[in-house]
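Protein chains in written order, with my numbering: chain S, -12 to 323; chain E, 45 to 275.
Hints are computed from structural coordinates only; laboratory data are not their basis.
Note that the structure is predicted; figures quoted are calculated from it, not measured.
Beta carbons are placed, not taken as given, at the ideal position from N, Cα and C, and that holds for glycine.
Keep in mind that a hint or two might mislead.
[To be verified] A few chain S residues that face chain E, going by a derived Cβ cut-off under 7 Å, partial list only:
hint, residue
1, -10
2, -8
3, 21
4, 43
5, 67
6, 72
7, 75
8, 78
9, 82
10, 219
11, 223
12, 224
13, 317
14, 319
15, 320
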Amino acid sequence: MQPFFYDRAGDPDQALEFARQPDSHFIGGGTNLIDLLKNEVQSAARVIDLNRAGLAAIVPAPDGGLDLGALARNGDTANHALVRRDFPLLSQALLSGASAQLRNMATNGGNLLQRTRCHYFNDPGFTQCNKRVPGSGCAALEGFNRMHAILGVSEACIATHPSDMCVALAALDAVVVAHGAQGERRIPMREFHRLPGDQPHLDTVLAPGELITGIHLPPSPFAGHSHYLKVRDRSSYAFALVSVAAGLALRGGVVVGAGVALGGVAAKPWRIPGAEACLLGTRVDTAQFDRAADALADRLLAGARGFKDNQFKVALARRSILRALQLAGQGTGGSE
Amino acid sequence: MKKPRKLEAEPPWPAPPAAAHARLSRREFLQSTAVAVSATGLPLAPVLLRASAPAPAGADAFPEPVPVVLEVNGRRHELRLEPRVTLLDALRESLGLTGTKKGCDHGQCGACTVLADGRRINACLTLAIMHENEAITTVEGLAPDGRLSPLQAAFIACDAFQCGYCTPGQLCSATALLAELRAGQASAVSPDVRRPRPVVTEAELRERMSGNLCRCGAYPNILAALRKVAG
């Protein structure tokens, strides 16, 4: 790890002030940044410690939803009484990620900004990676690409975003709150992460020096019927091959609202606005509901394209969508 | 795990005098040879992180060691560390608390697990300087009065280790796990996170310990030790 300077921000304004220095990076939990610095995937002249800057609170929002501080830990967020009661989908997604130790460190803001786990990105021994070195090529296209994306890819990059939290946030229509030189910005989750296009080195729409201060969760009708399904190579402490965040609003067993997002398939949580409309009016636990889930899979997976090692993800995603919706339909936590 | 590997090769440095060598612990010997390695211009071993950085020309542009106060196992330590020094390296290299192990150094194995204000964290993926004004507990602090905690005693009774390298991390992790269960925290296998108190099952304990790998495969006995204490 190369040497760097260290600044400790006492509040968000001071953090923004520190961030005006060249090549400075905010540090929250450090679980991703320090790893990247150790591997020399990323450099930093200066790290700005946000851990004394406040921003760790989780409080009810005026609209009846919840405001999550950017510096609240993933573990604390997952176990917050109001998150568990009103947003079990988010709690379940957070608890599916990493380990207890890492969740105690990782922050909500940092989780939004975590980098891909593509092997070719994380090992500078590979010279081709457009995300790490723009213009150098993509070793994953022809390489070992079992974990890689099937949607929203470009010839420049087929990396996935590794977060579980973000998939649930997308299904819950969360809003990222950021502060920068222009003041506050509120960015809907579906617009926060970028698809690679010809600039895969840009993961998000955040401007340089802009600071995530929180995440807003609008009131959710899904608390009673939601499920986060994570399919992975081992049953814990592994990134998703495919994941599905599914939330249903039911009236008398009939779907009146739904939010479904996919993880492990693209550079961002994958959600098609309005696609869930095909579920509306169907009754859970019926063949009609299953057919509607399949129709939703058609919409979500339109244009899906597998590579050498990840063709299986297309069928896996389709089946996972159905399974997650069936489980959500049975009620959060199943029929117990 | 680079240091032992270096010693397997024919050493390019002179052996320390026999009398001095006899008084050195294995660890001190490794440290003294690592210093010798740097003198030969070979790559620096991680152990050298604690040495002051060389003062380059235009020293104001180079991150010098800065004062860092750590409270570890109830003792206060005033250190000078480069900001890049991880909590793990500070504990092991600056404080000599080598109970905390460096396994993967990338947050993938849990051997470096310590408690910060009672919460389990991976010491390898955090900077020491980020932990001022926190109470750090390492495996050396789990039995402060020299008496084993019930969990430590259960590990011995259940033979919950083979080589022992992951054990300090397992013990710190499991210590926090018990507190998390008492606090009613949920896990990924809790059937419904909306229920306030998880039922302690084998699946719950396995999931909650998944951040600690054991390459000897002592998992069944680790689980037995946990069951003994967690009920």
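Okay, the hints, checked on the actual structure:
1. -10: Cβ of residue -10 of chain S sits 4 Å from chain E, so the hint holds.
2. -8: 5 Å, holds
3. 21: Check passed: Cβ of residue 21 of chain S comes within 5 Å of chain E, closer than 7 Å.
4. 43: 13 Å, violated
5. 67: At about 11 Å, which exceeds the 7 Å cut-off, the nearest Cβ of chain E leaves the hint on residue 67 of chain S violated.
6. 72: 6 Å, holds
7. 75: The hint holds - residue 75 of chain S has a Cβ within 7 Å of chain E, the shortest such distance being about 5 Å.
8. 78: Holds, because the Cβ-Cβ distance from residue 78 of chain S to chain E comes to roughly 4 Å (cut-off 7 Å).
9. 82: Holds, because the Cβ-Cβ distance from residue 82 of chain S to chain E comes to roughly 4 Å (cut-off 7 Å).
10. 219: 11 Å, violated
11. 223: 4 Å, holds
12. 224: Since the shortest Cβ distance to chain E is 4 Å, the answer is holds.
13. 317: 11 Å, violated
14. 319: 6 Å, holds
15. 320: Result: holds, 2 Å to nearest chain E Cβ.
The earlier numbered hints that this structure contradicts are 4, 5, 10 and 13.
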